[in-house]
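J.: Respectively, the protein sequence lines represent chains A and B. The numbering of the first sequence is the numbering used here, which starts it at 43 and goes up by one. The numbering of the second sequence is the numbering used here, which starts it at 29 and goes up by one.
Honestly, the hints are just simulated from the structure, not real lab data. Hints may contain errors.
Which residues of chain A face chain B? A partial, calculated answer using Cβ under 10 Å [unchecked claim]:
1. Asn183
2. Arg321
3. Lys341
Being a predicted model, the structure only gives us computed values, none of them experimental. Yeah, the Cβ is synthetic: ideal placement off N, Cα and C, and Gly gets one too.
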Amino acid sequence: MKIGYFTERPVRWLPEEVILKNGAHFAVSNKYYDREKAADEYNYWIDENLYAEELGFDIVALNEHHGNPFCMGSVMNVEAGILARLTKKARILLIGNPLPVIKHPLRMAEELAEIDLISRGRLIAGWVRGAGSEQFFNNANPAYNREYFEEAHDFIVQAWTKPGPWRYEGKHFHYRHVNPWALPYQKPHPPMWIPGVLSPETVQWCAERAYPYFGLGTSLGPTCDLWEFYADTAHQAGYQAGPENFGYVVPTFVAETEEKAQELGKGFLYGGGQNSFARVEHTLPPGYNSKDAIRRLAKQPQGSWLGISGEKLRGHTEERVIDAEEIHRKLEPGYKKAQSQLNLIIGNPKNVVKKLKTIMSVIRPGAVVMFNVQGPVSNEDRQNSMRLIAQEVVPELREHANQLGLVDALERKPGLSKIQAGTKRVPVSDRGPLKEVGLA
Amino acid sequence: MIQTTEETQNVAGAQLAIVKGGSGKPLLVFHDELGYPGWMSWNESLGHDRTLLIPLQPGFGKTPRIEWARNYRDLAGYYALVVRELKLDPIDVIGFSAGGFIAAEMAAADPHIFSKMILVAPMGIKPTEGEIMDIFPITIRTHLLATVADPAGTPEFSRLYGGEMTPEVFEAFEDARAETARLGWEPYMHDPALPHLLRGLKTPTLLVWGTADHVVPRGCIDGYKNAIGGAAKVTLIEKVGHRPETENSTEFERLVRGFLSA
């Protein structure tokens, strides 16, 4: 099993009130941008990732978002290039490059090849479709989002593997001279792990290609369902899916005492947390989701996906609550609920170990990536959590993984466990432990 | 009440759904970017003299999306094939908002396809001043309410759009928005070449604009007028927004009837 480290690199100087009044993180005016603080922070984030490697994390993971103080990684390949040089052995996992919004797959192939070369083969590429808000930010036509994604991916794999020069006339991308003089260090190309929030279309796409799929803090019940869907698709493709096909990114914060962890862990809800990443009108631009997904959402009066419900979608853009105290009152029970449902893992090392073991037993991932806290938590408290995780949590997780037989995609290449037609596949998740903690 | 039909026919390589109602000389109607909401009072009024042919835009739910059509000019090309295959040309046309964009593209490509053209708050040309409202980063309900100057005082608007937004209605709007985005995302709801291609058009054209329109600015109307020149006449309807046909249907019908019969 591989254990990774991840942070969104949140803007920590922004008063929460500003985010709340905007109704979300996306579209907060950059008049609040502090260049001096940003310069300090970018350097700190590099150092924090180096510290993660020093602590023994197998992977340092990066992501990017656009026009959004939720995450300072606007161009993660820049950070990845620096880490490629400064780290020694950690894998550099990108979760992931938003292909449809970057719209230049040849450039992407070159950038990633350089990162892989500088790191001497430690890059793990990952692709995403980009958040809905990012279609607006980058003016990427949302109705072509999935087509852009798939075509860009196919092109990049070709650019990495097919000797040039050659010409490419696709539907959305056109290149008259494909012959990059930067090819990945790894042959035929870096591994590709795909993060997501349980879109069935993406899960299927991954399974068809035996790409590991990473749930981004997704609820465990639906994650089990989609894991089994992945395994069904894999079965049809002729292989048995296993832990090597799955990963999980889990928001985790640890302190010596439960009380301190609980207080600082509230940073995950800063500015409304993940569910206030973007306002409803920015989350689902027209055509961004499949018709099936829209149909499911439209029929869902309550409940939500990234804070979006059918009810909100049918409402007014202007309907925003900006009473900070009221928001906090609403968030408090949500904080406890998210922990009881194992969506947020916060506590002292002993309690956190127990919860993470449950998650591992249920969804049996080959890799787990710890997502550090959001909000204005100090460097010292962040690093303390990292250290406690590395020293007191990870050893127990590794032992648990060994007992469960959780191998990762670097140990066992996904898709190689062939199964004969007519043979039943084995399950890839286990809801039993969910029942034990009252979540089934 | 005029009886209407909705028929799907294989025309120009696609299964096109067309709403048909009324009697008399055909009048082609292009609905707006949110789709055809149903038989309206102005349809009923004009239907006594004219046969209204209202194609339901491909990709909006009834007619399947035409994959090869990737912008409004492509879609206009498809509709031009429809008009020719059905032997309708030359035909009078009326287009609303993005439907006006479609009609204008058709006229630009084939100056003889229409005998008369009415463009109501048309998108399609970059406004000489102001901007076409970005309808994508807002919810459907907010968009709808922005289309009329006085939603509460517009009974027909309330009848058409004021009811509960059921999942089915929501899905239909989402279909329309997705297809509109696919065709008109960039450049946003206009074609930089269109004003150049409309130059010198001889087709008598009526440009209708509500003075309280928040979706399409007056600059679009001026852009069309500048491009077409003498064949285009600008008509303003006071105190109405983007839907003069429902906000002041009496005046709208009078203008349309007068223009078509002149």
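J.: Against each hint, give a clear statement of whether it holds in the structure.
T.: Here's how the hints hold up against the structure:
The beta carbon of Asn183 of chain A is positioned within 10 Å of a beta carbon in chain B (closest approach about 4 Å), and the interface hint is therefore held. At its closest, the beta carbon of Arg321 of chain A sits 9 Å from a beta carbon of chain B; the interface hint therefore holds under the 10 Å criterion. Taking 10 Å as the C-beta cut-off, the interface hint given for Lys341 of chain A holds, the closest approach to chain B being about 5 Å.
When held up to the earlier numbered hints, the structure conflicts with none and fits them all.
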